[in-house]
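*Asks:* Sequence:
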Amino acid sequence: MIRHIAVVVTLLALGVSGASGQSPSDVKDGRVAVVGENPGIRLAMKEGAAPSTSVSFWRVFQSPAGEGHVCFVTSDVKGDGPTADDIRLAFADNEQLAQYVATQLMTAFDKAYGDKPFPVRRARFERSGDTATAWKETIKADGYSIDLVWRDFYEPFAIESRVGVPHNPYTILSTFIPAKSADVIVNGTRAAGTVTPRMRGNRQSSSAFLAFAETWLK
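Start counting at 1 in the sequence shown, then tack on 45, and there's your number in this note's numbering.
The hints are simulated quantities; they were obtained by calculation from the structure and are not laboratory data. Possibly wrong hints are sitting among the right ones.
Unchecked claim - Computed list of lysine-lysine pairs in DSS-like fashion (alpha-carbon distance at most 30 Å, straight line): (1) 225 / 185; (2) 185 / 73; (3) 91 / 263; (4) 225 / 156; (5) 123 / 161; (6) 123 / 91; (7) 181 / 156; (8) 161 / 73; (9) 263 / 123; (10) 181 / 225; (11) 263 / 161; (12) 123 / 185; (13) 123 / 73; (14) 161 / 185; (15) 156 / 263.
Here the structure is a predicted model, which is why all the values come from computation and not from measurement.
Using the sequences plus the hints, can you model the full thing?
*Replies:* This is how it looks when you write it as structure tokens:
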């Protein structure tokens, strides 16, 4: 009896099913497409309006294109319609990664990332702050200094976006920390618009969020 128990414990420790020898059931199917963080900010001039500023920030720890940072920024900075200070750029410290994220990941949800590519600017990235007070990402590139700030956080929650819901080719695992307010500051000018609250399932979320421990599977 003691020997039988010892064998079972050993098999469990090795992650092996004693009956079938199959892989453990807690391993998810699919190839890992990216591992990292993907915070976002969408500011609107009023609730229900299209975003006047949209930011998708990526800190990638593993992908077929390597690791690094990419940030896609689209902003009508002053909220006054098309003007010379508007911006639609991708900032990156790994241009191959910028192309991979745009064409292989973002196009799954917005075809414009592939049909109308973002011009890429070489940039440096720095993180500061915390989730107790405010989280800040700073981007420096020739001609641009951008600060992204998230603050006043809701309760965190975990999500699993499944393949095919809606028309999604990826399973996405992530932990969201939604923010009640956020700023996008471009060359010292705070972008017009505000964060809007929204529900995600039965959890309170918003149009600005930190997304940590993010893994995409395909």
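*Asks:* When the structure is checked against the list of hints, which entries are broken? Sort them ascending.
*Replies:* Going through the list in order, the structure violates hints 2, 3, 8, 9, 13 and respects the others.
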